[in-house]
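Novice: These are the residues of each chain, in order.
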Amino acid sequence: MTIVDSLIALIAVIGTLIVAFVVSVWLPGVERKFIHARIQQRIGPPISTPGLMSPIKFFFKEIIKPNSPMPRLYNSLPLIGIIITIFLLIIIMPQLYPLAAFSSVIALVGLLKIEEILYMFMGSLSKSVLSLNMPFPDVVKGAKHPDVPRSFVEELSSMRAFRLIAFGSFPIYLAIFVPVAMAGSIFLGDIVAYQQFNGPVLFSLAGILGAVVYFIGFMILLNEYPFSILKTKADVIEGPLLEYASKSRAYVYISRGILMFVLACIFSTLFLGLPPNILSWTILLNILVALIFTILMAILSAFSPIFTFKQFYPVVTGVSILGILAIMVSFL
Amino acid sequence: MDEDNKITLGNSKKQVIETEVPMGTVHSAAIEPYRIRLFVEDEVVKDAEITIGVNHRGVERIMEGLPVEKANSLTEKICGICSNSHIWNSVLVAEKALGIEVPERAQNIRIITEELERLHSHLLYLAHGNEVLGHETFSMRLFYIRETVMELLRMIGGNRVQYGVPIIGGVRPRAELNQMKIQKIQEGMNLLEEKISDFAERFVSDPMIMSRITGVGTLKKEDALRLATSGPTLRATGVAVDIRRDMKEYDPFEFDVITQDDGDVKSNLLVRVLENLESIKIIRQAVNHLPEGKITNRSWDMQDTPITKSYIEVPRGKLYHSYALEEGRVRHSIVRTPSIANIGAMQYACIGSHITDAQLAVVQCDPCFTCTDRAIQIIQL
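Quick note, the sequences are listed as chains Z and E, same order.
With the first letter of the first sequence counted as 1, position 91 gets the number 91 in the working numbering; the numbers rise by one all the way through.
With the first letter of the second sequence counted as 1, position 300 gets the number 300 in the working numbering; the numbers rise by one all the way through.
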């Protein structure tokens, strides 16, 4: 690879990242304004508000120290989340394929796992005023169970994040391995090359099943209704994100938008053989896939109540079985 | 509910509890300030304790010594949802004590207002219940359905909240129903019946919602009776008790007492949905057979009376008002709202549920804590 080639690759990576950022700030707005608000017969927010204007507003808000035992670490976690998401996008770009070790499904899964683990840390480091710190004279003579250890509502989120890491993310990882099984390689370059010769994985039975499983996994990873037990309104509210304010809250919003786009790009790469690349017109298809995923997710979430684990376990088990079936079919 | 998770009432301290999750008094999941301590093991609630007492406004204390007419209008401020119920019951106390006959036309207008209020309260309950379930679309649609009721109430009383319809001896002159208003109410009832029936059909045929609400927050009939539960929360356990059956004001109207058997969130929601249809039935009868004549009886004299009590059926259950009259002024006023009787049920319904369902178990009993805070105890910290 010459210096010119490296320079072009670097420009392509930066250009793709800029496109990702520009698209991702509009996706939450599309979800809220065009789908949720339409279905719920209300005007909804301006399309730029959820993904763009809210983060800008929060950047200029007063910096409030969160109620956390390690406030700096807690505040830095959303930024780490954004960095991991950017890495996720970089490793699926074709310019990185020569560095095989970095652009493999193993790296993909590893980074996604770190993204999930962040929620666990966020939950355990958030100590909101809504629960334990609210002074109230209820531990008095006559109160029920006066000597019971107390916990914060966010700790529940942390425990739920742990459970999600254990079983909730099965669907997306199983779906990721469908193209791997079909291409017979864990390297993204090989998977894309396989699809250029044999057609997209999506156009096979295993691919269709895998796509359905991937979509459910996509929703679980984004903590979208009905899979938002991590931050359900009924008890833990925002869950691990509860104490984020000002810049940290802005990072949370940005992180979610980018993750929506990146997960859609991972799907395009693995199931359509179209990695995100600013130097190719196919980046428009990546954007289209991101848009379709956002719209489908918004429609499904608008008509669903939040699942508790009672509903969550059977759904994840069923979808995981479908994922295993997809992998088995892909071997045929 | 799992039988093992049930705790015998009065024996709760013998249980070994893993963790307590305290929520409130200010918590964004709760629409009113109250404190709930959930004692959990692996996210399953083993016991619960609800504490209220931060909303005390001392309405009864302010009522003491006020002229009865002023005191009556003050009771309307107790609740933003069932404001008419309070003023109606307070007015009934005075009418009962002074032996005042209310014209039939005024009785019908009072019934129409009260049943419209029941409709708006139940629709608000259903909307909030769906919000807690996480189903924002249904919640929004129910708020839209409720708008029809709110507009009718505004037409009758002049306000969307606190309509001030009943006065001693009848109803306020502005609450008089002319032909145009009657027609609007009739049209509104047709629209509401259609929309509520559509909603009910959609609601019960949604498997995800049914999975979330069936068997959650169960309260058995015997427990409900032991806890002195009141109103639709009691009727959702299969007990057909409705004070409207015993109120002379409701004698001319035909309606069914709605009950469900399971005592869970599903039963509670369905009782309210079906009660809405009964309210529509009552309003139609009241409007179609609205007697001619005056709407206020002015021929009564003020006199001193002993403490007089009145119970009526309001959207949340049994409402109690009592006071004595002395030189036209109120003495020894007491108000007891239905939610005070249902707090025990709320605590009990949480037990055995997943912690995410605990809020739903509380909400299923339709709490109105702000109205329930009728007394305080000041503790020196």
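These aren't lab readings, by the way, just hints derived from the structure by calculation.
Treat the numbers as computed from the prediction; the structure is a model and nothing was measured.
Cβ atoms here follow ideal geometry from the backbone N, Cα and C, with glycine treated the same way.
Incorrect hints may have been included.
As the list claims (entries may be wrong) - Mimicking SDA-like on lysine to any residue, the simulated pairs with C-alpha atoms at most 25 Å apart in a straight line are:
| id | chain 1 | residue 1 | chain 2 | residue 2 |
| --- | --- | --- | --- | --- |
| 1 | Z | 233 | E | 248 |
| 2 | Z | 310 | E | 19 |
| 3 | Z | 233 | E | 277 |
| 4 | E | 195 | Z | 310 |
| 5 | Z | 310 | E | 214 |
As the list claims (entries may be wrong) - The calculated label-pair distances, taken between Cβ atoms and stated as ranges, are:
| id | chain 1 | residue 1 | chain 2 | residue 2 | range |
| --- | --- | --- | --- | --- | --- |
| 6 | E | 128 | Z | 34 | 42 to 50 Å |
| 7 | Z | 150 | E | 201 | 39 to 47 Å |
| 8 | E | 290 | Z | 41 | 31 to 39 Å |
| 9 | E | 33 | Z | 165 | 56 to 64 Å |
| 10 | Z | 41 | E | 128 | 51 to 59 Å |
Novice: Next, verify each hint and record whether it holds.
Specialist: Results of checking the hints against the structure:
With a CA separation close to 44 Å, the supplied pair residue 233 of chain Z and residue 248 of chain E exceeds the 25 Å bound. Among the hinted pairs, residue 310 of chain Z with residue 19 of chain E is consistent with the structure: their alpha-carbon atoms are about 21 Å apart, no more than 25 Å. Restraint check for residue 233 of chain Z and residue 277 of chain E: the C-alpha separation of about 30 Å exceeds 25 Å, so the hint is violated. Taken as a hint, the residue 195 of chain E and residue 310 of chain Z pair is broken in the structure, with Cα atoms around 31 Å apart against an allowance of 25 Å.
This hinted pair checks out: residue 310 of chain Z and residue 214 of chain E have alpha carbons roughly 12 Å apart, not beyond 25 Å. With their beta carbons about 26 Å apart, residue 128 of chain E and residue 34 of chain Z fall outside the hinted range of 42 to 50 Å. For residue 150 of chain Z paired with residue 201 of chain E, a C-beta distance near 44 Å keeps the hint of 39 to 47 Å intact. At roughly 34 Å, the beta-carbon separation of residue 290 of chain E and residue 41 of chain Z lies within the given 31 to 39 Å, and the hint holds.
Under the hint 56 to 64 Å, the C-beta atoms of residue 33 of chain E and residue 165 of chain Z, about 35 Å apart, miss the expected range. About 18 Å separates the C-beta atoms of residue 41 of chain Z and residue 128 of chain E, a value inconsistent with the hinted range of 51 to 59 Å.
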